[in-house]
Amino acid sequence: MSESPLCEPASLVSRRRSATKLHATPPEDGLEKRKPIPAPVAVTPRSWKNFLVRSLWSIPMIVGFTAILWSGHIFVILMVIIMQTVIFKEVIDLVREPWPNNRLPWFRTISWYFLITTNYFLYGEVLIKYFKRVWILDAFLLPLANHHRFISFSLYMMGKLLGSFCNLLGLIAFVLNLKNGCYKFQFGLFAWTHMTLLLVTFQSHLVIINIVEGLIWFILPVCLVICNDISAYLFGFFFGRTPLIKISPKKTWEGLIGALFATIIFGFFLAGWLAPYTYLTLPMPSPAFKNRTTGASSATFEFKPFKLPPFISSLRKHLQFLTPWGSNKTEDYSTINVAPIQLHAIVFAIFSSVIAPFGGFFASGVKRAFKMKDFADSIPGHGGLTDRMDCQLLMGIFAYLYTASFVFRSSVYQNESSAVVSLEFILDAIIHNLSPEEQLDLFHSIKTYLQEQQLLPSLHL
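Oh and the sequence shown: position 88 is 88 in the UniProt record's numbering, straight run, nothing missing.
These aren't lab readings, by the way, just hints derived from the structure by calculation.
Everything numeric in this text was worked out from a predicted model, so none of it was measured.
Heads up, the beta-carbon is just placed ideally off N, CA and C, and yes, glycines get one too.
One thing to keep in mind: the hints can contain errors.
Said to hold, decoys possible - Simulated crosslink set (DSSO-like; lysine-lysine; CA at most 30 Å straight-line):
#1 LYS367 x LYS179
#2 LYS373 x LYS184
#3 LYS373 x LYS246
#4 LYS179 x LYS89
#5 LYS373 x LYS250
#6 LYS317 x LYS307
#7 LYS132 x LYS246
#8 LYS129 x LYS371
#9 LYS317 x LYS304
#10 LYS367 x LYS184
#11 LYS307 x LYS89
#12 LYS129 x LYS89
#13 LYS132 x LYS447
Stated by the list, open to error - Here are the simulated distance ranges between beta carbons:
#14 GLY64 x PHE443: 44 to 52 Å
#15 GLY64 x TYR402: 23 to 31 Å
#16 LYS184 x ILE81: 29 to 37 Å
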């Protein structure tokens with residue numbers, strides 16, 4: 001009876017393995033050390049169809065975006081608020097499937113109420129800061145401005161929704177609405193709602209501040225993200241070979257690097273083209289000051305000579321079409337006219353190409369966690385609005401923090417002329433620091449002065 005292979009002695013097994021190694025065909029010299037060349041990312045007919053759909057739908061999106069930009073600051077702000085609301089809905093709807101509607105009829109309403117109270121606080125802060133004179137001079141609005149933060153907190157804690165009967169909303173309503181057996185879901189939705197408010201609403205608030213400070217601080221970051229998104233898609237579609245990150249397998253290193261250079265070049269020239277337009281560079285006109293859009297624009301947008309390295313000077317001499325927009329062609333190829341905004345645009349371009357895509361990777365991780373392809377299907381070929389705005393939100397907060405730290409501090413917005421006390425500051429000091437009797441006394445003093453200067457008719461006021 002022969003032994004089973006399972007019962008072979010260990011020494012016999014070891015000798016057999018050694019003999020196999022000795023008689024094995026040796027590999028060709030150096031071939032075992034070579035790494036295979038990555039194959040291009042497969043381009044299927046479905047990929048071409050998706051490419052065509054995305055391209056066609058991008059045209060009306062760009063045209064509509066441009067039309068809103070030229071409609072004015074108010075319409076751009078309204079667009080941001082509407083987009084923020086749609087994104088909030090798409091993210092909250094991710095937990096729609098396990099929603100126990102039969103046991104928690106008002107819980108969805110509470111999530112929307114938190115959005116309303118958060119917007120009331122954030123946008124109220126913007127209105128009070130930039131349109132202070134309107135609030136100060138109105139008897140009805142003044143108490144709302146003075147107690148805005150306390151009112152916001154009160155609304156968050158407990159508000160009233162008018163209907164067939166009054167329903168308490170807010171944090172108190174959340175606690176009173178807790179149901180046995182639903183605690184985990186309710187607190188999970190509470191945390192999900194507030195994380196969405198933090199990642200979407202607060203960042204949209206910073207984007208709106210950028211718009212108020214000047215449309216260029218909104219247009220430039222947005223266009224850079226769009227350029228980077230399109231460039232990364234095209235470079236990855238045609239040249240992509242090396243996967244970039246596992247969470248988003250369609251992203252490639254070729255797409256990232258190609259989009260980086262394309263976005264830097266695009267941002268440099270776009271900033272130079274936008275800089276001369278005061279409609280874009282000046283702050284939002286206030287209804288209280290008709291002449292706010294007049295005056296010199298910031299030094300950030302003024303072109304100045306910049307000395308080029310020798311090899312770039314020689315290259316520019318042979319390739320004169322590389323002269324940036326806004327500069328004057330001259331025989332001196334060693335210098336070029338550059339505005340500081342163009343240098344800021346390079347920083348924006350690097351961030352939008354290297355860091356902002358991680359907002360998209362974060363969104364991809366969320367979609368994988370919920371086992372879904374897109375957040376919604378409202379835009380053919382693009383998914384939902386969240387799929388398009390994931391990088392924009394991260395770019396918006398960077399644009400706000402960067403400009404607040406490095407641009408506005410060194411610009412004309414903060415020069416010696418800003419040391420003059422503004423009219424809003426004087427009115428605010430009078431209303432909050434003088435008694436009614438002192439305010440009347442000041443009024444009569446100013447009236448007498450204006451009459452003596454023949455700036456005001458002698459009227460009995």
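Results of checking the hints against the structure:
no.: 1; hint: LYS367 x LYS179; result: holds (29 Å)
no.: 2; hint: LYS373 x LYS184; result: holds (26 Å)
no.: 3; hint: LYS373 x LYS246; result: holds (15 Å)
no.: 4; hint: LYS179 x LYS89; result: holds (24 Å)
no.: 5; hint: LYS373 x LYS250; result: holds (13 Å)
no.: 6; hint: LYS317 x LYS307; result: holds (14 Å)
no.: 7; hint: LYS132 x LYS246; result: violated (50 Å)
no.: 8; hint: LYS129 x LYS371; result: violated (43 Å)
no.: 9; hint: LYS317 x LYS304; result: holds (19 Å)
no.: 10; hint: LYS367 x LYS184; result: holds (21 Å)
no.: 11; hint: LYS307 x LYS89; result: violated (51 Å)
no.: 12; hint: LYS129 x LYS89; result: holds (29 Å)
no.: 13; hint: LYS132 x LYS447; result: holds (23 Å)
no.: 14; hint: GLY64 x PHE443: 44 to 52 Å; result: holds (50 Å)
no.: 15; hint: GLY64 x TYR402: 23 to 31 Å; result: holds (27 Å)
no.: 16; hint: LYS184 x ILE81: 29 to 37 Å; result: holds (33 Å)
The structure fails hints 7, 8, 11 (numbered hints given earlier, in ascending order).
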